[in-house]
Amino acid sequence: MLDQMTYWETWDPFHEIRQLQEEMNQTYYDQPKETQKNSPLFNVWSGQDGLVVRSELPGVSPDNINITVEGQDLTIKGSLKPHETKDRERFIRRERKHGDFSRKVKLPYRVDPEQTEAQFRNGVLTVTLKRPQEDKPRKIIIKSEY
Amino acid sequence: MSNIESTKTSEEACSATQDQYKCSETKKTYIPKSDIYETDEAVYIWADMPGVDEKSLDITLEKNSLTIEGHVEDYFPPEDYFQVMDEYPVGNYKRTFTLGVNVQKDGIQGVVKNGFLNLTIPKAKETVARKISISAG
Chain A
1 MLDQMTYWET
11 WDPFHEIRQL
21 QEEMNQTYYD
31 QPKETQKNSP
41 LFNVWSGQDG
51 LVVRSELPGV
61 SPDNINITVE
71 GQDLTIKGSL
81 KPHETKDRER
91 FIRRERKHGD
101 FSRKVKLPYR
111 VDPEQTEAQF
121 RNGVLTVTLK
131 RPQEDKPRKI
141 IIKSEY
Chain B
1 MSNIESTKTS
11 EEACSATQDQ
21 YKCSETKKTY
31 IPKSDIYETD
41 EAVYIWADMP
51 GVDEKSLDIT
61 LEKNSLTIEG
71 HVEDYFPPED
81 YFQVMDEYPV
91 GNYKRTFTLG
101 VNVQKDGIQG
111 VVKNGFLNLT
121 IPKAKETVAR
131 KISISAG
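Residue numbers (the working numbering), protein chains in the order written: chain A, 1 to 146; chain B, 1 to 137.
It cannot be assumed that every hint is accurate.
Stated by the list, open to error - Far from chain A, by Cβ distances over 10 angstroms, these chain B residues were calculated:
(1) 34
(2) 58
(3) 77
(4) 96
(5) 101
(6) 107
(7) 109
(8) 113
(9) 123
To be verified - One side of the interface only, derived from the structure: several residues of chain B facing chain A at Cβ under 10 angstroms:
(10) 33
(11) 43
(12) 78
(13) 79
(14) 88
It is worth saying that the hints were derived from the structure and are not from the lab. Bear in mind that the values here come from a model prediction, so they are computed numbers and not experimental data. Cβ coordinates follow ideal geometry from the N, Cα and C atoms, glycine included.
Input sequences plus hints: build the corresponding full structure.
See below:
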């Protein structure tokens, strides 16, 4: 697990601590979440020809999601507007996150931005990234000795 | 004070139902994160249920228990792909809310969009505050 994470070069040991802190704040202080920066979580699959990145963004409108690919970096940004409520005091329970979110990950290899496709269905984002043809692993044929 | 409170955890909800096959599924059941907001006229439940649409969502009302249950389809990556990053778990959703007696059970409405459930539970007419006019005697 750890090996896989470190392989990504983006594994942040403080992420979990920050997350814990955020949860504590939420539980004990019920702070307004507008000011907190959220970073969506990713599930990623890798294959010979590319990658699939999935992330849960419930309630977010697809128009409010911004995906950029630059070299080895994938950035997903967006925002979730909170419900228009007149009075904050009338919340009985508040567990959902809202506001701006952003996440940048370093991919294990270069991907072709032209071939990147994204689909958003029922609050789940699926980004399909393809490896450039020239970068794909090639099988090397060993010439036999004479 | 409030009309609604959430009590049961998914495990309790699971053991409470007799649907053994649902509980024995390898896929776990998670409690959807929810906001509950109250106005003079209604109570709103806003729940995050990514992966759920109107067909895979069940809302049942039994006595005073309102249960939302969402079934999430498995994702199958392309062939020969393996998982390299696993940050969030995927499972079904289930949560039970206990309603107060003063809600209009027939008027409950739910809308699901982009994996987000918006439930409106209107309060019973008699509980909506009314202004009493006082005439000078």
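Status of each hint after checking the structure:
With a least CB separation of 6 angstroms from chain A, residue 34/B falls inside the 10 angstroms interface cut-off, contrary to its annotation. The claim that residue 58/B lies off the interface holds: its Cβ sits roughly 15 angstroms from the closest Cβ of chain A, which is beyond the 10 angstroms cut-off. The beta carbon of residue 77/B is not kept farther than 10 angstroms from every beta carbon of chain A, the shortest such distance being approximately 4 angstroms. Distance check on residue 96/B: its Cβ is at least 14 angstroms (rounded) from any Cβ of chain A, clearing the 10 angstroms threshold; non-interface status holds.
At the 10 angstroms boundary, the C-beta of residue 101/B stays outside the reach of chain A, the nearest C-beta of that chain being 17 angstroms off. Interface exclusion of residue 107/B from chain A stands, the closest Cβ pair being 19 angstroms apart, more than 10 angstroms. The claim that residue 109/B lies off the interface holds: its Cβ sits roughly 15 angstroms from the closest Cβ of chain A, which is beyond the 10 angstroms cut-off. With a cut of 10 angstroms on Cβ distances, residue 113/B falls inside the contact zone with chain A, its closest approach being about 8 angstroms.
For residue 123/B, the requirement that its beta carbon stay farther than 10 angstroms from each beta carbon of chain A is met, with the minimum near 13 angstroms. For residue 33/B, the interface hint holds, since its Cβ comes within 10 angstroms of a Cβ in chain A; the closest pair sits about 4 angstroms apart. For residue 43/B, the interface hint holds, since its Cβ comes within 10 angstroms of a Cβ in chain A; the closest pair sits about 8 angstroms apart. Given hint, residue 78/B at the interface with chain A, holds; its Cβ is 6 angstroms from that chain's nearest Cβ, closer than 10 angstroms.
At a threshold of 10 angstroms, the smallest CB-CB gap from residue 79/B to chain A is about 8 angstroms, leaving the interface hint in force. A distance limit of 10 angstroms between C-beta atoms decides the matter here; for residue 88/B the minimum to chain A is near 4 angstroms, and the interface restraint holds.
Violated hints, listed in ascending order, are 1, 3, 8; each of the other numbered hints is respected by the structure.
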